[in-house]
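Enquirer: Each residue of the sequence shown is one higher than the one before, counting from 3 in the working numbering.
Because the hints were derived from the structure by calculation, they are not lab data.
The model shown is predicted, which means the values in this text are computed figures rather than measured ones.
Check the hints yourself; a few may be wrong.
Lysine-lysine pairs mimicking BS3-like chemistry, simulated, CA-CA at most 25 Å apart [said to hold, decoys possible]: (1) K67 <-> K4; (2) K65 <-> K4; (3) K65 <-> K34; (4) K4 <-> K58.
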Amino acid sequence: MKCISVYTNNFEAFSDIFESVVETVFEEHEEKEVDGITVSHSGEVPEFYLERMSQKPEVVVMKDKSRGVTILQHGSVFEILMPDLESVLA
């Protein structure tokens, strides 16, 4: 899964830029600024990362089922976990 980190603890600000972030093409470990918020491609994460993080009480888990996207919110960061294109096509 590809992980995009959005560095804000403001859910409203995150919601405002979510669509733009999901549609943005990032190179691995590339960092961009979207509406004043730092966003970066944090590389690939293994499947067990989602399972491990979702068990922590301080982590909020949200899903966008239409896209197969999972969002983790903890501290002052939102992590958007998106399936790899290869795994979706397989």
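Enquirer: Now tell me, hint by hint, if it's right for this structure.
Expert: Evaluation of the provided hints:
{"no.": "1", "hint": "K67 <-> K4", "in the structure": "holds, 16 Å"}
{"no.": "2", "hint": "K65 <-> K4", "in the structure": "holds, 15 Å"}
{"no.": "3", "hint": "K65 <-> K34", "in the structure": "holds, 23 Å"}
{"no.": "4", "hint": "K4 <-> K58", "in the structure": "holds, 21 Å"}
Checked against the numbered hints given earlier, the structure satisfies every one of them.
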